[in-house]
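Visitor: One line per chain: the protein sequences are A and B, in this order.
Per this note's numbering, residue 1 is the first one in the first sequence, and the count goes up by one each step.
Per this note's numbering, residue 1 is the first one in the second sequence, and the count goes up by one each step.
It should be emphasised that the hints constitute simulated quantities derived from the structure, not laboratory data.
Heads up, some of the hints might be wrong.
[Stated by the list, open to error] For the chain B half of the interface with chain A, some residues (derived, Cβ under 8 Å), not all of them:
(1) Phe-34
(2) Pro-91
(3) Glu-100
(4) Ala-104
(5) Lys-126
Predicted model, so just to flag it, every value in this text is computed and none were measured.
Where a beta carbon is used, it is the ideal one built from N, C-alpha and C, also for glycine.
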Amino acid sequence: MKREIPLAITFITGILVIITFFIPHRPFGDFQQRSLIWFSIVAGFTMLLGIDSLIRGHGKKILRRQEGWGYSIALIAGVVSTVSVGLYSWARWGTPFQLGSPFMYMYTYAIIPLESTMFAILSFFIASTAYRAFRAKTMEATLLLVAIIVMLGRVPAGTYLYHLIPYFGSHHPGALMEFQEWIMDVPQLAAKRGIMIGAYLGAVAMSLRIILGIERTYLS
Amino acid sequence: MPTAQEVVQAAYREAGRPDLYREGDVTYLTYDQFGYAVGVDGMILRERPGAIFLQGYFAAESLILAETGHSVGAIQIAGTDQTSQLPFLVPACDYTLIGEELYAASSYLSREPVMLGTIKAEDFFKMAILVLLLLGAILGTAGLWSGSAQHWFQVFGRLFATGSGGGGE
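In isolation and in its complexed conformation, chain A is listed as follows:
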């Protein structure tokens, strides 16, 4: 029964959602909205499970002084401080998301700068990945050099450099921009749509396999 019940739930829920897509009338019409609400409730409870696992795992690490236990102290301190500040803001202001509350202060001056830092690191990672990608060692890697034309066409520095080219820069000033737009609108879009058609077909096949119980790896 440990496998049959989850399979039955998956089958019934999957078939219901498919049916509601084709039958907009009650009681099927609002099933999707209702199931989204149920999903939010279940997700909230699974978040509790996750937080419990997090605190227990890191608590054990601290008690046993395992390698990296200092980071675990920082994590648990962050969790406790955020929860307490949030609860205090809720009690004092009615909602923790009130502008001016300590919770929003923490969010604005701690969380947002940290996230912006991580986003900024992406620029360095893009540079190092691009360096590795643009080494023309194989035919496929050489094709990637076409991306340089797209890059140059999208930045002011590229337009400036293009205008320095004799004849083309002066007689066809918009050619680089038009060429990079053509690359993005025609071959790039065609390839992307081909990948998306395959991906959507694969997703449909995977969904059918899960609903019909053929794919059972998620059950362990």
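Given chain A's structure and the hints, the job is docking chain B onto it.
Guide: Below, chain B without anything else, positioned relative to chain A:
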């Protein structure tokens, strides 16, 4: 998360090494995008895994994870259907499962006949879509010169109209 823990535990059992499974191997980090990226990066840098599998839905954190994995020298196998992240994962990882290959991976590895049959069915549907695309392209191109081809192209297009406005990618 409990499902993920059970799946990993079952995998160790099937491999004949249930003793190697530790509950702390599968933990919840956070729902936040960059908090998750930072947490995983920390794990990669501390534990220095030999192989990293990045499978599923990714947003901006994909390159952060892939580059950190590359920096520790791990072999990386990525898989996603997000076309916006493929340009980052393909150069940063050793192998990348693109789009439908991610969904076909479980069938390919298990070799179960029924699951392989669904991959075969997918291929037939892809072929059918390809034929319809070619037909539409020929009719659309011929429609530039011929009125009757233009009429048949419109009839052909109406067969697949969903009435939701369409457009986009």
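Visitor: Work down the list of hints and note, for each, if the structure agrees.
Guide: Status of the hints after comparison with the structure:
1. Phe-34: holds (4 Å)
2. Pro-91: Check passed: Cβ of Pro-91/B comes within 4 Å of chain A, closer than 8 Å.
3. Glu-100: holds (3 Å)
4. Ala-104: Status holds, d = 6 Å.
5. Lys-126: holds (6 Å)
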